[in-house]
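Undergrad: Now for the letters of each chain:
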Amino acid sequence: GDSVTQMEGPVTLSEEAFLTINCTYTATGYPSLFWYVQYPGEGLQLLLKATKADDKGSNKGFEATYRKETTSFHLEKGSVQVSDSAVYFCALAFNDYKLSFGAGTTVTVRA
Amino acid sequence: GAVVSQHPSWVICKSGTSVKIECRSLDFQATTMFWYRQFPKQSLMLMATSNEGSKATYEQGVEKDKFLINHASLTLSTLTVTSAHPEDSSFYICSASDHPTGDPYEQYFGPGTRLTVT
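One line per chain: the protein sequences are S and P, in this order.
Per my numbering, the very first residue in the first sequence carries number 20; after that it's consecutive.
Per my numbering, the very first residue in the second sequence carries number 225; after that it's consecutive.
To be clear, the hints were calculated from the coordinates, so they are not data collected in a lab.
Misleading hints may appear alongside valid ones.
As the list claims (entries may be wrong) - Simulated restraints on C-beta separations: (1) Arg-86(S) to Pro-264(P): 25 to 33 Å; (2) Gly-28(S) to Pro-310(P): 22 to 30 Å; (3) Lys-75(S) to Pro-324(P): 34 to 42 Å; (4) Thr-45(S) to Gln-253(P): 41 to 49 Å; (5) Thr-24(S) to Lys-279(P): 29 to 37 Å; (6) Phe-37(S) to Ser-297(P): 44 to 52 Å; (7) Asp-21(S) to Phe-263(P): 15 to 23 Å; (8) Asp-73(S) to Thr-306(P): 25 to 33 Å; (9) Pro-264(P) to Phe-37(S): 38 to 46 Å; (10) Glu-95(S) to Ser-307(P): 27 to 35 Å; (11) Lys-117(S) to Ser-297(P): 18 to 26 Å; (12) Thr-281(P) to Asp-73(S): 39 to 47 Å; (13) Arg-129(S) to Asp-289(P): 47 to 55 Å.
The beta-carbon is built from N, C-alpha and C at its ideal position, and this holds for glycine as well.
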């Protein structure tokens, strides 16, 4: 079945460091890909998305590019802040809009 | 932004009893609501999808008689765990979509409900 694999955490970084969270997927067909973020005490919220190959999603300084060749959608940010501390989930969906999530990666940014 | 609330945020119940979890969209009309279950350090698993006024569609392997879902209005969906057992202990999360008004891929998530069955 369709699935998403993302790097295990936790990830701990210093402020202004570069962040990468790897995400790969297995699917029959070409899904839309998403990154959701969950800040402490809050519900998941959509961070960015890409609906077709080579699309780049971006938001709040985060970027991810849909790579069909490598079935990947890695999340990157050039300079993290303490406020970026959260759990990040990679996900995919087809036209039925049902999301399949990865296990989540906890990121902690230290001042 | 769109806000989804869940109540209660945590609940402890005895084995054999039933517990109801509410999911409300506070500032938009949720045409579709989703219920997920999350085990520690694992991904969210979709349990069912419900459209307002219709019966819920359950994912394979989810017992519909055990997890009763009602989506009676455009702002409220409920999940009732019937005859709960310790293996039902988990973190239950709902989300809501306002498609076709909004982005069909954007779901608004509640903060989750921690259920512990003793």
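Undergrad: Next step is simple, just say for each hint if it's right about the structure.
TA: Hint-by-hint comparison with the structure:
no.	hint	in the structure
1	Arg-86(S) to Pro-264(P): 25 to 33 Å	holds, 31 Å
2	Gly-28(S) to Pro-310(P): 22 to 30 Å	holds, 28 Å
3	Lys-75(S) to Pro-324(P): 34 to 42 Å	violated, 26 Å
4	Thr-45(S) to Gln-253(P): 41 to 49 Å	violated, 35 Å
5	Thr-24(S) to Lys-279(P): 29 to 37 Å	holds, 33 Å
6	Phe-37(S) to Ser-297(P): 44 to 52 Å	holds, 46 Å
7	Asp-21(S) to Phe-263(P): 15 to 23 Å	holds, 19 Å
8	Asp-73(S) to Thr-306(P): 25 to 33 Å	violated, 47 Å
9	Pro-264(P) to Phe-37(S): 38 to 46 Å	violated, 29 Å
10	Glu-95(S) to Ser-307(P): 27 to 35 Å	violated, 47 Å
11	Lys-117(S) to Ser-297(P): 18 to 26 Å	holds, 22 Å
12	Thr-281(P) to Asp-73(S): 39 to 47 Å	violated, 33 Å
13	Arg-129(S) to Asp-289(P): 47 to 55 Å	holds, 48 Å
Going down the numbered hints, you'll see the structure goes against 3, 4, 8, 9, 10, 12, while the others check out.
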